[in-house]
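If you read the sequences in order, they're chains A and B.
With numbering that gives the first Met the number 0, the residue at position 27 of the first sequence is 26, and numbering never jumps.
With numbering that gives the first Met the number 0, the residue at position 300 of the second sequence is 299, and numbering never jumps.
Just to be clear, a hint being listed does not mean it is correct.
[Unchecked claim] Some chain B residues judged to face chain A by a derived CB distance under 10 Å, without partners named:
hint : residue
1    : Glu27
2    : Ser28
3    : Leu31
4    : Val32
5    : Leu35
6    : Arg38
7    : Arg41
8    : Val43
9    : Leu44
10   : Glu46
11   : Gly50
12   : Glu186
13   : Leu187
14   : Lys192
15   : Cys195
16   : Leu198
[Said to hold, decoys possible] Take a look, some chain A residues computed to stay more than 10 Å from chain B by CB distance:
hint : residue
17   : Ala57
18   : Asp142
19   : Phe428
Simulated from the structure, these hints should not be mistaken for laboratory data.
We put the CB at the ideal spot given by N, CA and C, even for glycine.
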Amino acid sequence: MSTDPDRGPARIADRLIEFCGALRAEGLAVGTSEVLDASNALESIGWEDEEGFREAVAATVAKSRGDREVFDLVFDRFFFREAEAEALRREPEVEGPEGIGDDRLADLSVEGLAEAVAEAIDSGDAGRMNDLARLSIEVFARDGERSGVVGVDLQRIRRGLGIAPGGDGTGPDPEGRREFERQLRRELERRQIGQLGKLPPARPLRDLNRTLPTRGAADLAQVQRAIFRMKRRLATVGHDPRRGGKGRSIDFRRTARASLETGGVPLDLRYRPRRPRKPEIYVLCDVSSSVSSASTFFLSVVHALHDSFRRLRSFVFIERISEVTDLFQSERDFASISERITAQGGVADVSGYTDYGRVWREFLEDVSSDLGPRSTVIVLGDARTNGRPPGSDSFRAVADRAKRTLWLNPEPAAYWNYGDSAMAAYAPFCDGVFECWTTDQLEDFVDLLARTGGGTPSLHPAAMAPPRPRY
Amino acid sequence: MTGPEADSPQTPTEVRDALGEASYLADESVALVAFLAQRLGRPVLVEGPAGVGKTELAKALSRATGREMIRLQCYEGLDEAKSLYEWNYRKQLLGIQARAAAGDSDEASALDELFAPEYLLERPLLEAISSEEPVVLLIDEIDKTDQEFEAMLLELLSDFQVTIPELGRIEAATHPIVVITSNDSRELTEALKRRCLYLWIDYPDPEREAEIVRLHEPGIDERLARRLVEVVAMVRDLDLRKPPSISESIDWARTLVLLGADDIDEGTFRESLSTIVKHRADLDLVAEKVAPALGRGEPAGSPGG
Ligand SMILES: Nc1ncnc2c1ncn2[C@@H]1O[C@H](COP(=O)(O)OP(=O)(O)OP(=O)(O)O)[C@@H](O)[C@H]1O
Ligand SMILES: [Mg+2]
Chain A
0 MSTDPDRGPA RIADRLIEFC GALRAEGLAV GTSEVLDASN ALESIGWEDE
50 EGFREAVAAT VAKSRGDREV FDLVFDRFFF REAEAEALRR EPEVEGPEGI
100 GDDRLADLSV EGLAEAVAEA IDSGDAGRMN DLARLSIEVF ARDGERSGVV
150 GVDLQRIRRG LGIAPGGDGT GPDPEGRREF ERQLRRELER RQIGQLGKLP
200 PARPLRDLNR TLPTRGAADL AQVQRAIFRM KRRLATVGHD PRRGGKGRSI
250 DFRRTARASL ETGGVPLDLR YRPRRPRKPE IYVLCDVSSS VSSASTFFLS
300 VVHALHDSFR RLRSFVFIER ISEVTDLFQS ERDFASISER ITAQGGVADV
350 SGYTDYGRVW REFLEDVSSD LGPRSTVIVL GDARTNGRPP GSDSFRAVAD
400 RAKRTLWLNP EPAAYWNYGD SAMAAYAPFC DGVFECWTTD QLEDFVDLLA
450 RTGGGTPSLH PAAMAPPRPR Y
Chain B
0 MTGPEADSPQ TPTEVRDALG EASYLADESV ALVAFLAQRL GRPVLVEGPA
50 GVGKTELAKA LSRATGREMI RLQCYEGLDE AKSLYEWNYR KQLLGIQARA
100 AAGDSDEASA LDELFAPEYL LERPLLEAIS SEEPVVLLID EIDKTDQEFE
150 AMLLELLSDF QVTIPELGRI EAATHPIVVI TSNDSRELTE ALKRRCLYLW
200 IDYPDPEREA EIVRLHEPGI DERLARRLVE VVAMVRDLDL RKPPSISESI
250 DWARTLVLLG ADDIDEGTFR ESLSTIVKHR ADLDLVAEKV APALGRGEPA
300 GSPGG
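With the hints as constraints, model all of the structure from the sequences given.
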């Protein structure tokens, strides 16, 4: 790394500023004074001291244990993984773990690899799984099977190695398989961030080879009626002071975040949405693949909400959140809206897998100043976090600010909190969590809201519904 | 802003070695932050589980630099009078009596004389900055104090001066190396954290801990020390009320040496368990979960030793 001509102090100073921006985007309070401190610290250990680099910057910008954890994650994306990816590029890791012997990468067959992976999964040996995850990525890259999108690559490798779960419950041990996939994903993400040297720009669903349903639910009218009833239930009296101001105001946080994609230069100014009234409803709709079978229903609900509420902001999310209010306001047609979300909604960047923690943080950053005692937040999602931190602190901060937070989960309640479902991390902060993926359930939900006013945490009709098989 | 002290070390390695000579085995991040503290003249805020060597770090810095250590042990309700300075009323009273006996009745000059430096009781903070020779200032367990105290401290640590109404401003004679420890029982103020370098000390890795144990109890052989720290790590993995700290590892090493043990099997473990685990409920849990895993003789996986 130190032989890189790009690593002069000036270059590092730039990177440092950029890095601190990324820390801020992840919620750390890193001010100018911290950036200066970090730079002074680096000066006194010498810019070339690779070992000390991380610790010196950490000591000056991460001021609690929690901060330090975030720091390490972001640091890895920025510096360490970059270096490691570089090293990997130079000497591809062909040293197989024991069991594969000394086969050179070129001779390694996918079958041999698949066998070794199956063994490692059965033995539950995490270290070995990690070795094999790296190796698998190399092998598939060698065979030209790299798309550059983590989610897509992961699917390919999984299929290629034959470790996708059997539909009938057969196949490799689910715990081990999840662990292996987690390792694979981490490695893929690491490489991707490493190669780019920064967070990649947000990508829409289309880049993940996914599309949204272009037709609403068969009983869309019934969905609309249910939502209309809901509107009456939620109707809040009270004044609605129109906010003054004529010009559009720049949203500094969002501008700064967008500037990360252009190396810290704020090319793309983001404005605060010009909205004369405070929106009352915020709907957040999961569009990740784990909820794809509920997508038609979810989108229909969002459509119906837009039809009923004028003061509504809608968002779609996977690992990032993207506001789609304007799309819904400028288009009427279900299909065109879906197509535009598919093509434009910046819901992913690195992995294409749901990252709830990050979604809450971004949401909070975007809307926290608007959330207030008249806001209702509705989440449509399965709370499957892919083993990532659920970010319940940020979620809680959202729920604390809003008057009501309601969660509609398309999975049968019996499946909540199994595997990577983190429903329990969020439920305590919600005013109600509901199993909901059919119009009938939606009506039940609205009935319950009617009876309780939506303010009772004990709302839990899901418990009464018979469990349905998971898709 | 303070520049680096004249005698400040040149590299983190130098600090690590100096701490090593002072019987403190610092890992990379500790040495680095201790180095930066001296170079940048910043206080270090140290957090970590109980007994990982936070307090000891300050002591070791004092030994390593040859500076005297001044310690301010914090507690709830700690105020300026106990931490910064206080007027010595008793001595002032005596002064008044002496004046009266001498027939002096000029009140203005009396006040001046009674609020002179010789009647001032220096408490640790003032003592630390007015010392002729630079010291190490340890502010231990700051989370026990309140925010007001923090604000006062912050002022002192930023400006290195104190204003005493009766005397005016007192500038620091020297700048101490400041180590502040916290057990994280409450959030510290943003402002104080900004001023400090932050250091999180965790339980050391097994190699390091074995070294620390052997440093304190040279009578224990290397293999046994390794085994000991492995078992301690197993115990720490349980969800205990009070997980064993480095001190407990050291105590246990001493006990094992006294017992003449050359391995830790289930029997030895049960016999000496109370050295590392103190809490009743913890004892039961450890006896149930860890003891049986130790087996009767050699640990599984290292046949013949
Ligand atoms: N790196 C080290 N090298 C040598 N000895 C150490 C080291 N770390 C800890 N020790 C020993 O461990 C013991 C406990 O350390 P110390 O009292 O400093 O812990 P602490 O973190 O201040 O704990 P508490 O939070 O309970 O105040 C000390 O006796 C010290 O000698
Ligand atoms: Mg202590």
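Chain A contact restraint on Cys195/B - CB to CB distance below 10 Å: Cβ of Cys195/B sits 7 Å from chain A, so the hint holds.
Against chain A, with CB atoms and a cut of 10 Å, does the hint on Val32/B hold up? holds (5 Å)
Taking the closest Cβ pair, is Glu46/B under 10 Å from chain A? holds (6 Å)
Return the status of the interface hint for Lys192/B: holds when the least beta-carbon distance to chain A is below 10 Å, violated otherwise. holds (4 Å)
Was Phe428/A rightly flagged as not at the interface, with every chain B Cβ beyond 10 Å? holds (20 Å)
Closest C-beta approach of Leu35/B to chain A relative to 10 Å, hint status: holds (5 Å)
Hey, does the Leu44/B contact hint survive, CB to chain A under 10 Å? Interface hint status for Leu44/B: holds (7 Å vs cutoff 10 Å).
Quick check on Leu198/B please, does its C-beta sit within 10 Å of some C-beta on chain A? Holds. Min distance 6 Å.
Holds or violated: the hint that Arg41/B contacts chain A, with Cβ atoms closer than 10 Å. Status holds, d = 8 Å.
Val43/B as an interface hint toward chain A, with CB separation required under 10 Å: holds (8 Å)
Residue hint Leu31/B, partner chain A, criterion CB-CB below 10 Å: Check passed: Cβ of Leu31/B comes within 5 Å of chain A, closer than 10 Å.
A closest beta-carbon separation below 10 Å is what the hint needs, so does Glu27/B meet it against chain A? With a closest approach of 6 Å, the Glu27/B hint holds.
Hints 11, 17 from the list above are not met by this structure, while the remaining hints are.
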